[in-house]
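Chains as they are written, first to last, in our numbering: chain G, 425 to 846; chain R, 255 to 508.
Hints are computed from structural coordinates only; laboratory data are not their basis.
Check before you lean on any hint, since a few could be wrong.
Sample of chain G residues facing chain R (criterion: CB under 7 Å; computed from the structure) [to be verified]:
| # | residue |
| --- | --- |
| 1 | ILE429 |
| 2 | VAL512 |
| 3 | TYR620 |
| 4 | TYR624 |
| 5 | PRO665 |
| 6 | ILE669 |
| 7 | LYS670 |
| 8 | PHE673 |
| 9 | LEU679 |
| 10 | PHE688 |
| 11 | PRO696 |
| 12 | TYR699 |
In this text, a Cβ means the ideal position worked out from N, Cα and C, and glycines have one as well.
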Amino acid sequence: MKSSIPKSQFKNPVINWIDTRLPIFTAVNEAVGTEHPTPKNLNYWWNFGSLAGVTLVIMIITGIALAMNYTAHVDHAFDSVERIMRDVNGGWLIRYIHMNGASFFFIVVYIHMARSLYYGSYKAPRELLWILGVVIYLLMMATAFLGYTLPWGQMSFWGATVITNFFSVIPFVGEPIVNWLLGGYTVDNPTLNRFYALHYLLPFVIAGVILLHIVALHRFGSNNPLGIDIKSDKDMIPFHPYYTIKDFFGLAVFLAVFCVFVFFLPNFLGHPDNYVPADPMSTPAHIVPEWYLSPFYAILRAVPDKLLGVLAMFGAIGILFILPWLDRSPVRSAHYRPMYKIFYIIFIINMLGLGYLGVQNPEGIYILLGRVCTAWYFIHFLVVMPLLNIIETPMALPKSVSDPIFSSGSSGMAPAARRSKK
Amino acid sequence: MYKYFIFIVLCFLPIQSFSAGPSIKGETIDWGFNGPFGKFNKSSLQRGLQVYTEVCSSCHSLKYIAYRNLSDLGYNKSEIKAFASTFTVTDGPNDDGEMFERPGMPADHFVSPYPNMNAARAANGGAYPPDLSLITKARGGGADYLYSLLIGYKKPPENLEVREGLYYNKYYSGNLIAMPQPLYGEDVTYADGTNASIEQMASDVTEFLAWAAEPEMEVRKRTGIAAITFLLIMAVLSYIAKQQIWANVKKKQA
């Protein structure tokens, strides 16, 4: 009887006993351990997935510590944050980590997404992996917005007022929906209370979707800089120890840069107005969102009509969901797509431009630039991407990951080989 | 690594905030508390406290600072106790249900000049003098802006009509401010004998309010140096480990 039980592979008797009955060690080993084969040619742009995961953990830990000292009430929220900053032991550190952590979470995720766009990681068979990523991104934006409301400064209050007002453009039911979201007719104590509850909830929803994201990732494994399917085992290396140590190195560098902001420029990415307590009777001269929402704010303002503006803003994010079907080129990596590479660079510059325009006053040349950049954002996805498949001639693809790296100058793929050797 | 280095260097450029609203270019002071190793000047903080107490505090509160926090300025316990006891704090209710007045204690927060915002408005022609605890963090331009504002009361241009209750200030957005000129020079007699010029007082009170906004600053920067040093060593060691572990993969490629 005893021999019929399938035994775990682990040597340690305790781990073996547990793993035989509950295979969590096997699961971890297959997720990020020696049993997870990974392409051996991943570059440093592939570090940002694990960095995003670490950042979420940092946010949840500091967030829970903050929640222990925060009071979600319009009369006390601002004071309780100042109490955290001044009287709670290490409170300033926890809050500055959480505050700047939000920005760095977005920096990491934006780089992660830009990586995916460049190397075509969203293409078949990884469409659902990409879509789950966009869901995480949406949840992150919602969580960040809710969290920004909690200190109850001027930007918190007026940002919440502006963003919840988007929903009022919905025909017929717009106003009731806004009232339902706010728990009243204006942003007030019920709004703060529900925003706090949801801000605490959503990170755990994000963690759940991340699990799905990882399951989807492991179905076909990581894409790679060459964007070709990996056929041979000799092009794969186990995740541990190769990518665990590489990710650890990346984490050390990331945390060092993060610390520069936390300790030396803690308010650089914030707005001074949020150190002024919320005052419903006085509107700030300029209501601006946090930088990571700024490109979409620029799109909203670029459209003169309120309803169309809101639709354009949500459409700008929604378009990401259908990206795998807009880009029909079978070649994944921009390495082998000379035209896409140029348009990719233009797209990134355009995106940075939108981010800049979103925090400027919409006057003079900025209005025109905002419209041009917004138009280009949609043209890139709806016109350029589908069209490129027709007019672009991709370079010849290497046969395997080892090929272009090992044997430069072999026939048929010389330009590609030289390119990827840098 | 090179890119990261450039990034870090860029980070230390003296930019106040990513999205600070447009403000009029004012004076730029080389504050001792700027930069990664910046520290507050204790004698300047003490003089600044004197300026706040004798001038600003007649209208502006400083409610997030407690008297006990003044130990940061170099005062000892008995000095703080003596200073706090010069203020009258309303406390209560007592066992009879009555509010009563008592001298301030180190644990009390700075006593506000007005009981509430409406009283503050009523006494100041409708304008509310803001609490100063966070003022250098709550204004684009920070300490430089505050200093500029304090020395920015100049003769208005001839074509500008200055309404009753407003005052011309070179550095205030829109140039018309509801706060009358607070400093004229020699408004206080410094205990340490420093000449109380308008620039000196403006600079001292700005330093004091910069401390009030960020009392953790010195500890923060010190911790930051230690944290970043640790992380850089960790980065170097993990990079060496990474090269070691990857050696056999790289060798097969060569």
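Hint check against the structure, violated hint numbers in rising order | 1, 2, 3 and 4
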